[in-house]
Amino acid sequence: MSAVMSASTSQRGGTLLLSRYAECLFWFARYMERVENLARILDVTDTFVRHGADQSGWLSIVQINADEERFTKLHGRATAETVLRFYLTDKENPTSITSTLFAARENARTLRPLISTEMWSQMNMFFNRARQLTPDDARPSRVSQICAFLKEGCQAHTGITEGTFFRDQGWAFYSIGKYIERGDQTSRLVDVKYHTLLPTLRDVGGAQDVNQWHALLRAASGYHAFRRVYPSGMTPGLVAGFLLFNHSFPRSIVTSIHQIELYLTQLGSGYGLRGAYVGLERLPEIRAALMDQTIEQILARGLHEFLDWIQLQFLGLADAIAEAFWRNPAPAAGVAWSQSQG
Amino acid sequence: MNDHPAHGLLDLYEKGPFYCEMKDGAARDPRVATIFDRLAQMAPEELRRRADIAEAELYNLGITFTVYSEKDAIDRVLPFDLIPRVLTPPEWDTLERGVRQRVAALNKFIWDIYHDQKILADGIVPRHLVLGNANYRPEMVGLDVPHGTYAHVCGIDIVRDEHGGFLVLEDNARTPSGVSYVIENRHMMLRMFPDLIDGIDVKPVGDYGMQLHRALAEIAPADISDPQVVLLSPGIYNSAYFEHIFLAREMGVPLVEGRDLCVERGRVWMRTTAGLAPVHSIYRRLNDDFLDPDVFRPESTLGVAGLIDVWRNGRVALANAVGTGVADDKAIYAYMPRIIRYYLSEEPILSNVQTHICGEPEGLAYTLDHLHELVVKPVGESGGYGLIIGPHASAAERAEFRAKLKADPENYISQPMIKLSVSPTLCGNRLAPRHVDLRPFAITGRDTWVLPGGLTRVALREGSLVVNSSQGGGSKDTWVLE
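Sequence order for the protein chains is A and B. The first sequence begins at 0 in numbering that gives the first Met the number 0 and counts up by one. The second sequence begins at 0 in numbering that gives the first Met the number 0 and counts up by one.
Treat the hints as calculated values from the structure; they're not laboratory data. Hints should not be assumed to be uniformly reliable.
To be verified - One side only, chain B facing chain A, incomplete, derived with CB under 8 Å: (1) Asn59; (2) Gly61; (3) Val374.
For glycine and all other residues, C-beta sits at the position ideal for the given N, C-alpha and C.
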């Protein structure tokens, strides 16, 4: 695999990328992925609650985003209204979709010399529509519609990016950001179910429980694929295992890790960036944790603890990449003055 | 031209006592008449519809400047008028030669004042106007720049009087902006108005980025065969950021900020994912003051410490050079016709607006006698501060100003009020005459290249002569006929 890649990328090896642009691409991708996933989480929670889970479902979103302190100060109790407002339209809340889209667009603005005109234009129009959402739109009756709009905007971004963004090292940084965020968010999505389950442990395996796992699969756009793989079964273990480990499911954590490895390898052997190895060194441990235990073992040891650990791994990986490529850029790598840098 | 529909766009069009770029232009070239005719045939609602689409497109494409407040970023579109301003081949020939001549004289002047100062010794330009000018940079004395070019990118602001004669209003030899609109306006016109341009050959404007890159490569250190060019921007908060993006893209070079660059081992480098990479030629869109905290403003974080030193040693190129501001000053402007004659031994192809130098006895006498019909402006560093518009001033104000003028005549120049030309402009659902100016852009490395046409700015408010975007100005596409 890597041999093929280095052959095809060697001609592009001369393309230079400013460290600042690498950082912006990484974050641009992360923010867009985050918006899409937050919309998925809000949507699925809405479904849970509508199907009978108590209101604590809304609190779980606040918990998985570690926003309890700020949220409680502002709103006190977590209800559909307060949580939706906090995460959809609150400009003061840095973790809201509005704020995240703003951050994505400011990164895109910086990246305009690099990204395609269509990417910027779509981002711009999407943001301008999203910023017009009012607290009134964040009502429970409209959640589904608004989340659909947000997902669609993010997916249009993904499609335009795939179809128009030049495939030099910028693409690799963008993709790494996207998959780190996606893996991290999938772990949070599964965690919603864990939190929602907490107060109703006695219902495990009941109709309610199965319904919720269904909804979770749908939120991750994995329901039909899951059915194809497991036509007859639907246990918590199967669903969680699918979301975490399935190699073919585009939102699974294993897929994310695999993609991150692919793009880090491309940066290392295709573009000769030594910083890539700092990231690559961290992958075997994560992969081992994913491969070496069954979902039953994980459930037995504590799913939440496992998801927490995974999130820490993504955090560490992102940190190592930042350190290697933009926080402390490497000194001149023996580049001769007169040598052409293309 | 006489077959207007019942409610034609131009039915009520009265150009007034001004030269009209379209109506008077039609008498100079039948193709202008054709364009005029096509416009006259168009339904006002159709034109309005296209104008609205165009504005939405500019907004969505982000061809905007951004106004930042504490919590928000608001994008504003520079208003774009769909009615083109058309220049005939002979008109453009005059303008192009005139701009070349002016740029050549400006560069020779800047070389001279930082070297032999012959023009000062010969008494053509008063010594204190140059040496006492805030934009004169003593750091530049004795420094040689490649090809003797200082003002690599020049924008010359030109207006037309009521007879259609071209007059230079101002030279911009620092970091003139607006060229991105010239090219984006053309793209927009071709999309929105293919039926207006159909069959009419207009000079293309798409070469600008390549020409700019060529000039920047020509001034790079001579031993570098494939120089790395960058565009240095103050960043996304600058109101001209769109133009910086545009030019970086058109040249295919990185848009860098000061924090992306550093000076090490006597060279300039940029921070990349592969480590530091050399930079050889910098198109900077930062003012002199912010370029290098070691030499200019120490508190500035936009520039690069040590940059000027590397530049002085010829290890990196800077466009425009430091210290060009003295040449586009109002005080020097008045002397431009003499500067052209002095260095080039030619008559100026483009006239200045008639300017009376109050520091000279005849100029002062004329100004005092005709104060009621002149605009009197202070020169030097104070810019537009403290000017008087004679026709609009009261007798008492004029008397007061007369005293000031006599006390310090060297600080003033005076000019007649110019009746700027007008161009049909979409106002609501009809076309009305609005005043326009023109800023052609010249790029100089080894030689000078002039972008065909330039930026036409239009004062959208009725009767207004102010074309600046901050005061209700917009822009038009400028067509130079082949």
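Status of the hints after comparison with the structure:
{"no.": "1", "hint": "Asn59", "verdict": "holds, 5 Å"}
{"no.": "2", "hint": "Gly61", "verdict": "holds, 5 Å"}
{"no.": "3", "hint": "Val374", "verdict": "violated, 41 Å"}
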